[in-house]
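Student: If you want the building blocks of each chain, they are given just below.
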Amino acid sequence: MTATVERAPERTSGVPVPDGRPPRRRPAPGPWLMSGAVALAVCLAAASLNGVLEGWSWLPHVVLAVAAVELGTAAGRALRWPAAVGFLLGLAGLVASLTAMFLAPASLLGVVPGPGTARLLEPMLAEAQDTVVSQVAPVLVNPGIVLLACAGIGVSALLLDTIAVPLQMPATSGAVLLAVVSVPAVIKPGSIGPWGFAAAAAGYLLVLGCAHWYHGQPATLDPVDGSGSSGPAGRRAHPVAGQFGRAAAVGAAGIAAALVLPPAVPGFHDGLFPEGSRLTWLGVPTGLNPVVSLGENLRRPGAFGRMTYATDAPTGLYLRSVTLENLTGARWRPSDTRGSRRTGVESIDLPRIQALLADGTVTTTEISTSSFTSPWLLAPYAPARIEGLEGTWTWDPRTLNIRGTAGTTTAGQEYTVTSVAPKLSRALLASAAPADVQAVDEVFSELPADMPRIIKDTTEQVAGDLDRPFEQALAIQRYLRGPDFTYSEQAPVDGGYDQSGFGVVGAFLEAKAGYCVHFSAAMAIMAREAGIPSRIAVGYAPGRRTGGVLVRGGRELTQYEVDSRDAHAWPELYFDDIGWVAFEPTPGRGVVPDYAQANAGPAPGQAPEDNLVPGGPAPSAPDTAPEAPGAAPGSAGRDPEQPLWAAALGGCMLLVLLAPLLLRTGRRRRRRTELLSAGMPGARAALVAWAETLDDAADYGQPAGAAESAREFAARLGASGALAGPAVPALGRLRAAYERAAYADPGQPAGGPEAAAGKMLLDDTGQVRAGLRAAAGWRQRLAARFLPRSLFRRR
Amino acid sequence: MDSQQHTAWSETPHGSVLSGPPHPDAAGPHAGGQGAAVQEALMPDFHETCERILEAINTVIDGKAEAARLALTVLLAQGHLLLEDVPGVGKTMLAKTLARTIDCSVHRIQFTPDLLPSDVTGVSIYNQDKHTFEFRAGPVFANIVIGDEINRASAKTQSALLECMEERQVTVDGRSYVLADPFMVVATQNPVEMEGTYPLPEAQRDRFMARISMGYPDARAEMDMLGTHQSVSPLSRIRPVAGVDEVRAMIAAVHGVYVAPAVKEYIVALGRATREHPFLRLGASPRALLQLLRAAKAAAALDGRNFVLPDDVASVADAVLAHRLMLDRKAVTAGENASSVLASVLARVPVHGGTHRLSSWPAGDG
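Quick mapping for you: the protein sequence lines, in order, are chains A and B.
Heads up, the first sequence is in UniProt numbering, so the first residue is 1 and it goes up one at a time.
Heads up, the second sequence is in UniProt numbering, so the first residue is 1 and it goes up one at a time.
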């Protein structure tokens, strides 16, 4: 039963060094196999990235990076260097492989990052950030995204290796694999099929099995060295008792990770696009993945990520974050405008904007983004002045997208936007001539060559016989808002067109069901087909009034709130001499601007000229809702449940921190009860008491070696000064009782002193514990109490 | 075939023994089946007797308490003892003292290159009066046989003795004669590098339960020795402190010492570890493990216990196993010897005990 015979050291590989020195190091295959298993497991799990990265061309790079990491750690282990050195070797392997694959021009000798690395790295990271932020999974592969994937997976491999091998917690290391797999799972629902899961699970089992085998191997490669007893070789390969304790400890660690990680990762637990849509696995803040996160947010039953804005406009505003105008690629994305961006958002000095400040409609809006994190600033269109921002912001003269640079995001910003719009009226729009396509950037009117037939046909059918652009636009909007189309957040998922791209629009026009992204994209593309330059704006619908009113400089600003349910997309169409005009083709969402109302003719009391922004005004409804006194504007953005959550979280964390203490105390209590219970065989009592004493000794840094007999252990404790006074004879009694219980003939009445009663044994364990405690330093006492080593001891 | 001229009787000429003639047929069955209950009753006596014997030996051999204890252990375990060291450190003295303290028959054989097997075992001679062959028992027919400088005899003669040790009987002309009980051979041997020696082959070393290297005494013990030994041999003052029946009972008591399965597992694990050790060409044989177990039982009994601890095993492991292990060439070049390799094995092999079996209680076995 307990015959754990040690594994045979491989004789064949135990070739001694020929110069007569003792063979200190033996090149056993163990470390290499172990590292190979880790590498294979990580690669298997990484294969599921296929769900979010297009194709397989990235896989060799990832495999190379992982292999480099594992080569490093394996070399460290094979050379019997300390675990920390192995870790560093793995890290070095990762850096070297990344340098060789991606940054070779700036490197020294091809593998060492050289002086120009940062310069080379910057555009790649920016590219990756753009990809993550703007593309819909599966994203197209580019060097930046592959670099980040390699780095992420490489670090995962290093982490897995460290947890599984030096820390000897192979079971826990599965969390790393889970993390790798969860990236595609979270980014794109359904992207991991059963095969992806099976591959990751197989990798996990491989690591478990290999680690079990590896840790069971004799590590004492120097057979003369008697110190091997503390190495893994001396340990039992098959843990029998204490499994529950360790399982509980591992479970506690898991819970701790689950509780601690989300708050530690910004924007994971709340914010506008929480729980994965802004997963920071690529190390860049991503806020508005315009299609998928938007759809996810809409599909989510509850609202979250509340933020507020207060405006002096008579009605709620559309807050625009970014526009998608580059519609010809496989994925829609904002046009690459890095070169043309300008700084200085305090004054957006386009002549037209500045002119509108004088004769257009000027609106002042105060926005508090709370935890919404995105590189693109939310602002009503068209921003002319933005004040109160922190960080560095740039704007694009073509789209007026405002974007943070150098890591600046919208999180926690409070700023004031002065926006302008031309006085817009139906008559004015109707008079617009067909757009001179040459006048605007061609990115706004480009269409791909292989456009689905159905788009062309539908456009022809809807707007073919109209010649004024505004009429065409109205016709398209009317068509999309018509009875044929239904608003559905789920249909695109079920129909498999919950992405971006022209195929999606084709599918949408076939199925005639979708949500704002599909409606707005359809309208934008059909408008282009009809000759009107267009783009898709992504942001928020106006939201709801909070009832609050802010007073700023004598003006009253009505406060609104928006949350995830208001995430929205709408088309903007370009009209000559007028500029960009928003439409609202999505039924049941947002507000159709008056100029775009299907039933022509302004309603009584309305001033169509004031329809500066999409989302027509409601001037007849003055903001009369009383504001609760004392409701500070900032407080509106706070979640009232937060303190409760914080308390619960704190409680949980405290529980996790105290888990080892509680587990150890529980174990001690159990033994105590057992010792005090009547009718228990004396031998059993002695074994229990001895186990408790061994645990106590381990807690105080005096663990019994596997090859150490009870007698040697007791003698060592007595000689080392870890015990003194009455604890020494107490330990002697415990030892004698244990020896009798463990080794004497169970069929015979014990000779010599009768097996001591449980109570006496219990007292002795208390004395030994007190003795250990008296001899220990304060650090050891703390550790013994809060992180008892006996919980993690292998038996 | 005149064996007498080559056989040197140092103390007791053949036939005149302290407790009467040897009883070749007197070997009764080993009283091992009596179990621990009987042994429990014997224990107080047992310990006392052991102490008496050891004390007596210590008055003669200064500073060699450990060697004396091991010698007694081997006697109680019914094994044979090989004393190996350079001349003049008291090998023969120890053997003789041990024999003297017990009131039993003792023969000494001085091994020389021309000693013949029949000089050890005995010979059949023709009785002209009765017209029959009569067996004249050799010096091996005694309770304790001291084989001095065993490695100076030819291989053939060595084999004769070793066969007796294993078989505990002598076969001459087709007839078997059972040796005395208890029967113990204490052989002394000079290190093989000395001149004029035939080193014992491995297979024959394996017959000895234990090998003890005496080592030089420390300075104080040597001073004492110079004081006490100058006038009269202290050996002459030794009086037997235990009878042969007493020893037999003690051996029976040792036989009844309980060995927990965990201890057997430990012994097996030790054996396997020596066989798999990269420094060892030859590990412990099954016979070696059996002897290790028996020696451990005797050590436990000497310690006053009726059950064996892993510590007992460890305490005799070096004496029992070291002379059977054959070092690999690379171990020799690394400056290792059998004892150091064995120490590393002991430091590595896990000691199993009741703690590990807590989870399987009460299905456990101890």
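No wet-lab data here; the hints were simulated from the structure.
A quick note: this is a predicted structure, and the numbers were derived from the prediction, not measured.
Ideal Cβ positions, reconstructed from N, Cα and C, are used throughout, including at glycine.
One should not assume that every hint holds.
Covered stretches of chain B (in silico footprint by chain A; criterion: 3 or more residues with CB under 8 Å from a CB of chain A, positions within the stretch not fixed) [said to hold, decoys possible]:
1. 64-70
2. 283-292
3. 340-351
Chain B is faced by these chain A residues, among others (derived, beta-carbon under 8 Å) [as the list claims (entries may be wrong)]:
4. 349
5. 352
6. 702
7. 703
8. 706
Beyond 10 Å from chain B on every Cβ pair, some chain A residues (computed) [what the hints assert, rightly or not]:
9. 59
10. 81
11. 549
12. 589
13. 656
14. 708
15. 710
Student: Against this structure, judge whether each hint is valid.
Tutor: Right, here's what the structure says about each hint:
| no. | hint | verdict |
| --- | --- | --- |
| 1 | 64-70 | violated (count 0) |
| 2 | 283-292 | violated (count 0) |
| 3 | 340-351 | holds (count 11) |
| 4 | 349 | 79 Å, violated |
| 5 | 352 | 82 Å, violated |
| 6 | 702 | 15 Å, violated |
| 7 | 703 | 12 Å, violated |
| 8 | 706 | 4 Å, holds |
| 9 | 59 | 42 Å, holds |
| 10 | 81 | 22 Å, holds |
| 11 | 549 | 70 Å, holds |
| 12 | 589 | 63 Å, holds |
| 13 | 656 | 27 Å, holds |
| 14 | 708 | 6 Å, violated |
| 15 | 710 | 6 Å, violated |
Of the numbered hints listed earlier, those contradicted by the structure are 1, 2, 4, 5, 6, 7, 14 and 15.
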